[in-house]
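Novice: Put together the whole structure using the sequences plus the hints.
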Amino acid sequence: MPSTDEIRIYPVGGYSEYGRNMTAVEVDDEIVIFDMGIKLDRVMIDEDLVFEDTDLLDLVGIGAIPDDSVLESKRDRVVAIVPSHGHLDHIGALPKLAHRYDCPIICTPYTARLVEAYMAKEKAHMATKDVEIIPLPTGQMRPLTRKLTLELVRMTHSILDSSMPVLHTPYGEVVYGNDFKLDNNPVIGRPPDYARLKEIGAGKGESGRGVAALIAETTRAGEDTKTESESVARAILKDHIMGLENDEDGMIVTTFSSHTERIKSIVEFGQKIGREVILLGRSMENYNLLAEEMGFADFMEDVQVWGRRRSIERALGDVMREGKEKYLICATGHQGEPDALLSRIARDETPFQLSRGDHVIFSSNVIPHPVNVANFHVLTHRLRRHSVRMIKGAHVSGHGAREDHYELLQMLRPEHILPSHGDIKAQAAYIGIAQDFGYAPEDNVHITSNGRAVTLKV
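For what it's worth, my numbering labels the leading residue of the sequence shown as 1, then goes sequentially.
There could be a bad hint or two in this list.
Unchecked claim - Here are the computed lysine-lysine pairs in the DSS-like style, where the Cα-Cα straight-line distance is at most 27 angstroms:
| no. | residue 1 | residue 2 |
| --- | --- | --- |
| 1 | K326 | K392 |
| 2 | K238 | K392 |
| 3 | K457 | K198 |
| 4 | K198 | K238 |
| 5 | K457 | K147 |
| 6 | K121 | K238 |
| 7 | K457 | K204 |
| 8 | K326 | K272 |
| 9 | K226 | K392 |
| 10 | K272 | K392 |
| 11 | K272 | K238 |
| 12 | K74 | K147 |
| 13 | K147 | K198 |
| 14 | K74 | K326 |
If you're looking for bench data, these hints aren't it; they were derived computationally from the structure.
Specialist: Here it is in structure tokens:
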């Protein structure tokens, strides 16, 4: 196909909403897809839904996964699927959708292992063709076609081995900024690759033309701050956990299972006050044993990890027999999910018996959806009935706020911007940031919605 001097972007999911992220970028009849995620609240709201057993069309119908019908006639043009990181709202739909495209999935090594696990789980339930999964470390480039090259730039977020994918095209670079924060002091790993981002922004990418388009998340664009480093969350946890060194009551900390950096802090401070740390929950087991296997989590060496319900029950029985004061339990259930371990403990459905003075530390935020808010309210009400002492908010976000966006724009100086990963209010807030740099709505800041393609003349 002859050169067109244009880039066409298809917002498939995650625009004017949170979750089910999926974006397709077309250059001269070749397409790269970034992310294939689920919308977690749509899955959670139906208690009878078994994701692996549910038909693709049914999942699309309830808004749980992206509706990729906008790409129906273009599937044979897709040359790669590129997840930016391993959160479910970015990789969760891969088992349902990826086999519809005759191309590999390319992502960082840790993300690739998570994807492999999800794909294998789906294949055990439904017959789907094998999809090639190619690990690509950050800092490396991979040619996709004669015209397109993929690079994964090192980025920080709330899961290991996150990246900011860059698609090098003849018409400039396309930078996919879902999700990110600019953390200068991460607890595991290194800060973002600022030097490379500045090079790309200065026209030192493959095209030599600079950044043609930035697709930028807007989750916290309306907050007048810079997102705190994970080292700040570590300091908060140190204060809370070390402050209970002489306490002889039970201690439970709950956080995101995939947040291995956070779990490192919980483990290390628990051990410093002389408690044996136990990680409980299937997802705790999956994410963090993989992190240990891949060399990200040396702190896991002396930690018990139990994922199966029978093993969890046995471990909690041991805690009660040997004394709650000897243990710190890190458990799933910070959103109040009814089937998660913390909710079952609060309902007295496990051997672990809550009593007056026990501590529950929430190293998390409540995702602002009515289902989560209601579940969390029920959980905290039950904990109060046991006279438990709760500490909430030992947390920092994994999403960049206004200052993070300013810094990214200063480094990249894109010709066009597409705000994504946020509702209308968040996208409107991002417009204000862009206007401070001289961008103008409908000129070079493009507000769009799922299924409504944007053509960029570059």
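Novice: Could you work out which of the previously given hints the structure breaks and list their numbers from low to high?
Specialist: Of the numbered hints given earlier, those the structure breaks are 4, 6 and 14, listed in rising order.
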